[in-house]
Amino acid sequence: MIRCGYWALLTVALWWLLAPRGLSYAYAPLIFIPAGGAGIVAGNAVLHYFLAVMPIRIRVAASMLMAVITGVGPGLAGMLLSGGIFKIIAAVGTEWAPLSVFKAYFLMALILLVPAARAVSKLPPESGN
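Numbering (this note's numbering), first residue to last: 18 to 146.
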């Protein structure tokens, strides 16, 4: 499930790259429904995978620690990376069409995320206990 969630999140970047130039209410669900669903699947899959490998006696403490780490860590990294990407976009061009900024952002995000797909694909399968 981790792999499915990760690949589904990558498709969101692809949908942004293929998005029409202007606002399209018909196209928006192609971006936001998979983004929401993939976010839920990825989060639940990581939690399930993590708890499956934890000894029973420390599962509660470990899940609480994981909730803090996976909230703070990606939040800070996301703010720093996103801020950096948007600064690069602003430095490259000054007259961006409104949705073009998001297309450029998601292209750069995709370039950063695709190499991580290899690491995600090499995760060992769940033991099922």
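In short, the hints are calculated from the structure, not lab data. Some clues are possibly wrong.
[What the hints assert, rightly or not] If you anchor each label on the Cβ, the simulated ranges turn out as follows:
hint	residue 1	residue 2	range
1	PHE49	ARG20	17 to 25 angstroms
2	LEU97	ARG135	34 to 42 angstroms
3	ARG38	VAL70	23 to 31 angstroms
4	TRP24	ALA114	22 to 30 angstroms
Glycine is no exception: its CB is placed at the ideal position from the N, C-alpha and C atoms.
Against the structure, the hints come out as follows:
1. PHE49 with ARG20: 17 to 25 angstroms: Given range 17 to 25 angstroms: holds, Cβ gap about 22 angstroms.
2. LEU97 with ARG135: 34 to 42 angstroms: violated, 23 angstroms
3. ARG38 with VAL70: 23 to 31 angstroms: violated, 46 angstroms
4. TRP24 with ALA114: 22 to 30 angstroms: holds, 29 angstroms
Violated hints, listed in ascending order, are 2 and 3; each of the other numbered hints is respected by the structure.
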